[in-house]
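Chains A and W are the protein sequences, given in the same order. Going by our numbering, 157 is the number at position 153 of the first sequence; the sequence numbering is gapless. Going by our numbering, 411 is the number at position 402 of the second sequence; the sequence numbering is gapless.
Hints should not be assumed to be uniformly reliable.
[To be verified] Pairs of lysine-lysine, DSS-like flavour, derived with a Cα cap of 27 Å:
hint : chain 1 : residue 1 : chain 2 : residue 2
1    : W       : 347       : A       : 88
2    : A       : 223       : A       : 43
3    : A       : 75        : A       : 43
4    : W       : 181       : A       : 116
5    : A       : 75        : A       : 139
6    : A       : 75        : W       : 184
7    : W       : 347       : A       : 143
8    : A       : 119       : W       : 380
9    : W       : 92        : A       : 164
10   : W       : 246       : A       : 166
11   : A       : 164       : A       : 139
[To be verified] To spell it out: a stretch of chain W is covered by chain A in this simulated footprint if at least three of its residues, at any positions, have a beta carbon under 8 Å from a beta carbon of chain A; those stretches are:
hint : segment
12   : 13-25
13   : 338-348
No lab work stands behind these hints: they were computed from the structure. Every residue, glycine too, gets a C-beta built ideally from N, C-alpha and C.
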Amino acid sequence: MLKVSNITKTFSADGGDVTAVHDISLAVPDGKFVSIIGKSGSGKSTLLSLLGALDKPTSGSIEVDGQNITKLSEHALIGYRCRKIGFVFQSYNLVPNLTAIENVMLPMEFAKTSKAKRRLRAQELLDQVGLSDGKQDRKPTRLSGGEQQRVAIARALANKPKLILADEPTGNLDSQTGKMIFDLLHNLSKSESTTVIVVTHDLSIAGRTDKAFRLQDGKLVTQ
Amino acid sequence: MGLVTRGVRNAFRSGARAFSIIAILGLSIGLALAMLLAHQAVEQKINSVKSSVGNTITVSPAGVRGFEGGGNALTQTQVDKLKTIEHVSSVGESLNDRLTSTNTNLQSAVEAGDLGRRFSQNSGQTFTPPPGFSSDGQSGGNLSFTPPVTLLGTTDPTSLSSTQGGGSFSLKSGKAFDSASTDNVALVGSALATKNNLSVGSTFTAYGNIVTVVGVFDAGNTFSNNQLIMPLATVQKLSTQTGSLTGAVVNVDSISNVDSVTAQVKSVLGTTADVTSSKSQVQDSIAPLQNIASISSYSLVGAVVAGAVIVLLSMVMIVRERRREIGVIKAIGASNLKIMSQFMAEAVTLTILGAVVGIVLGVVAGNPITKMLVNNSSSSTTSQLMGAGTEEAGPQIFRSIGGGVRDNLSNIHASVGWDIILYGLGAAVLIATIGSMSASWFIAKVRPAEVMRTE
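Just chain A, same shape as in the assembly (with noise of 0.2 Å):
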């Protein structure tokens, strides 16, 4: 179980302080599927870094299967972000100079999993999202950029964390491409019990979603 209380950013900037995100409170429970939609500038990526621990919140708290993360250590947090918690990124973000393979059995490495069990995980998860074997050795820059999301996603499976967090997973592709990455993540989220939480400002992708919440100027107007 998710649960977020009141939960609220400001940045200190030259013109004053600016607060991305204001008193937002939200639950989301184990293994659903959750959007959150908004313009850009509305605090959607603000919001989903607190919840991945990326940053911490000015005030409020948020708490996973119980436990307040917005008062854990740095140290601490290094290893909630390794295990409970995996990133997608709209620009994919994958280490340039590794193979597929290897990105992907990267987290298994910082979560000190035998290296045997990081390869084999590492294929199973590839070949669950789907990246043929012959692609599996490439580096990021021989694949398509649905193929690269895949991997983007493998990787964020590979810990087995609690929560997905993706960030526009579709910004970058074609609607066709975006369907089965969206299609993929849904099938993984139900597969693998985890939570997933989509930011995203495609209406669409929201609609099937199990539940829409919706930012603007940092507040959450609907749930």
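With chain A fixed as given, assemble chain W onto it according to the hints.
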């Protein structure tokens, strides 16, 4: 794949950049090693010069230099007292004399020429012309004055420091006689041997006695090669100067004790002898070498610092370029330490390859750079040595020292040992460590949330 492997692979992400960094770093480390080699070679030579050349004190009878001036010879009793002075390692004794046609059948290898005749007239000496030549003037005909043959009686037959001509003793054939020998034997200068068709086993007459040639030497100059070297006791006996000495060279155990020993020698001999040490002249002459040692030290530090700056700037540039990637890796669970270690492995890889290139460059260029540095300073050294040879008392000893130091300068050789290679690798690790520090600071500053803001 571990973080070290990733770091090594990352070093070659951009071939052109890796090549540039390795090449520049290689030059930097190569220069550092060349300077280290030069420093070691010059320091070694300075120590060698200090321990072998500048630690002598020359003692001459008061008022006498070679065959110029006048006064009384030193006595064996006086010189024996010098041997008991603390820090005196040995005392070389000598008695110089001249052989002319009245007391030898040898002919000088040096023609009189204008200078010889002029010196002869000025000194009031007359040279007896060889048989068959008249002595009725200097204006021509077949008259030829022949300078005398210089004879050195010594207890140190392989040292030419007591001779007027100096030079480096090199035995061409035969063997040297024992320092305490009383036999009628002689070492003959190569020019004198050629002139008189002498070789090992040949004989000649001196003071009416038969003397056997036991060796032929080359001193590297015409004057000394026209000399005879015989045992001191033999010369004293044949020339009827038993117990007399015309010179002594006091060898001191260290250049740092030369001043105190000089004072004690003067105290022992009083006004009966002129005492001069070679310390100050040698110190002047090795000053350029010491300058080279200083320059090479500064250059060594400069080259290492330059290498560190190259790696530092390169790594900062690389970290800035990969800021987003660092954010992603942090987002998926990497700690600062792991990312820093990966970048450190990258820096070490580049630096070690640079060190390999640098070691090769250093080994190849070390000797030529050392020679170049020495050659650039040798002209000033030579002028100092010439000054020492003409202005100070006892010119023969300083000519000898000068020749020795000049030889030392030209003989400097930078040798490469394992220590140099280890220094090179050590410098590489130092450079990589310093160079990676700031990169690590930048890495620590990258916040994982930044990856979301660049989306």
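A quick look at each hint next to the structure:
no. : hint           : verdict
1   : W:347 to A:88  : 19 Å, holds
2   : A:223 to A:43  : 12 Å, holds
3   : A:75 to A:43   : 30 Å, violated
4   : W:181 to A:116 : 77 Å, violated
5   : A:75 to A:139  : 42 Å, violated
6   : A:75 to W:184  : 93 Å, violated
7   : W:347 to A:143 : 22 Å, holds
8   : A:119 to W:380 : 55 Å, violated
9   : W:92 to A:164  : 92 Å, violated
10  : W:246 to A:166 : 112 Å, violated
11  : A:164 to A:139 : 23 Å, holds
12  : 13-25          : holds (count 4)
13  : 338-348        : holds (count 8)
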